[in-house]
Amino acid sequence: MSKPVLGAALSIKSIPAHRDWLLERQRDLEIQDFFRADLLDSDWRSTAAEIKQMLSGHTGRLGIHGPFWGFKIDSHDPMIRQAVTKRLLQGLDAAEFLGATQMVIHSPFTTWDHNNLDLYPDSRSNLIERVKATLAEVIARAETTGCEIVIENIEDKDPRDRVRLAKALESAKVRVSLDTGHANYAHISTGAPPVDYYVETAGDMLTHVHLQDTDGFADRHWAPGEGNIPWVAVFRALGRLTSNPRLILELRNHDHVRAGAAHLAALGLAE
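So the sequence shown is numbered by the UniProt record's numbering: it starts at 1 and just counts up by one.
Be aware that one or more of the hints could be misleading.
Pair by pair, the computed Cβ-Cβ distance ranges are [said to hold, decoys possible]:
id	residue 1	residue 2	range
1	D43	P121	29 to 39 Å
2	V5	D122	22 to 32 Å
3	T144	D122	18 to 28 Å
Below, simulated DSSO-like cross-link-like pairs (lysine-lysine); rule was C-alpha separation at most 30 Å, straight line [to be verified]:
id	residue 1	residue 2
4	K132	K167
5	K86	K3
6	K3	K52
7	K52	K86
8	K13	K72
9	K132	K72
10	K72	K167
To be clear, the hints were calculated from the coordinates, so they are not data collected in a lab. Please read all numbers here as calculations on a predicted model, not as lab measurements. Using N, Cα and C, we set each Cβ at its ideal position, and we do this for glycine too.
Please work from the sequences and hints to get the whole structure.
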């Protein structure tokens, strides 16, 4: 069986240094510029046009990280929900301009939720309804443009919560993402299951993975091999999927992307 081909999350500043590596295997790419509110509220099309020019000849799958700073998708406040909807629609505008077919958004579930959501009988269903209110227009637009929305774990302690939410949104264009470092933090610092359990729980709802290593204390975004994530177990679980998730190295230092990829290749897990 062929090994999965790794991709990377890069910004306009780091794409040139990795262009040959991306084109060599037509690797998947996630653009990480268009979550910034200042860019979305300015001449983002010029930035997007420059990126498109940089990526001439690239035929791998392309995605973006959507906006997330300063908000959650389950806000109780209708005015805040309107602002969140606007931001996410701006993200989809950028995705469509670029030809991106996937946009990452953040899960609303917190560690507090894990211990408190079940205090009241309607808390979980109400959270889902608030997310539906926020994302209704966003999902409709995503379905029209063919851009899949993937919900990434942030503080999620129970990996089932995010999967149930994605299914409740009832769209073929809504799936889930896994950030391995966030899951490892939740496992070691909050008592969540190990990272490979997040893969198993998501199953073929999982279509996107942020690969990053941590010590389980903080959101390090280290290259694989620098932390304590059990990569063999993670890739064994990924190998049981048929959803062909994008495997994106999302590192704090983009200069370490190839070293992280080389570590996973040396373990015989990926290329």
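Do the hints match the structure? See the list:
Hint check: D43 to P121, Cβ distance near 49 Å, so the stated range 29 to 39 Å is violated. Range check, V5 to D122: Cβ separation about 45 Å, and the 22 to 32 Å hint is violated. In this structure, T144 and D122 break the distance hint of 18 to 28 Å, their C-beta atoms being roughly 32 Å apart. For a cut-off of 30 Å, the pair hint linking K132 to K167 stands: about 11 Å separates their Cα positions.
The suggested pairing of K86 with K3 is violated, with an alpha-carbon distance near 39 Å, which exceeds 30 Å. A hinted pair counts as satisfied when its Cα atoms are at most 30 Å apart, and K3 with K52 qualifies at roughly 28 Å. About 24 Å separates the Cα atoms of K52 and K86, which keeps this hinted pair within 30 Å; it holds. Between K13 and K72 the alpha-carbon distance is near 28 Å, which keeps this suggested pair within the 30 Å criterion.
Between K132 and K72 the alpha-carbon distance is near 13 Å, which keeps this suggested pair within the 30 Å criterion. Taken as a hint, the K72 and K167 pair is honoured in the structure, with Cα atoms around 19 Å apart against an allowance of 30 Å.
Of the numbered hints given earlier, the model fails hints 1, 2, 3, 5; all others are met.
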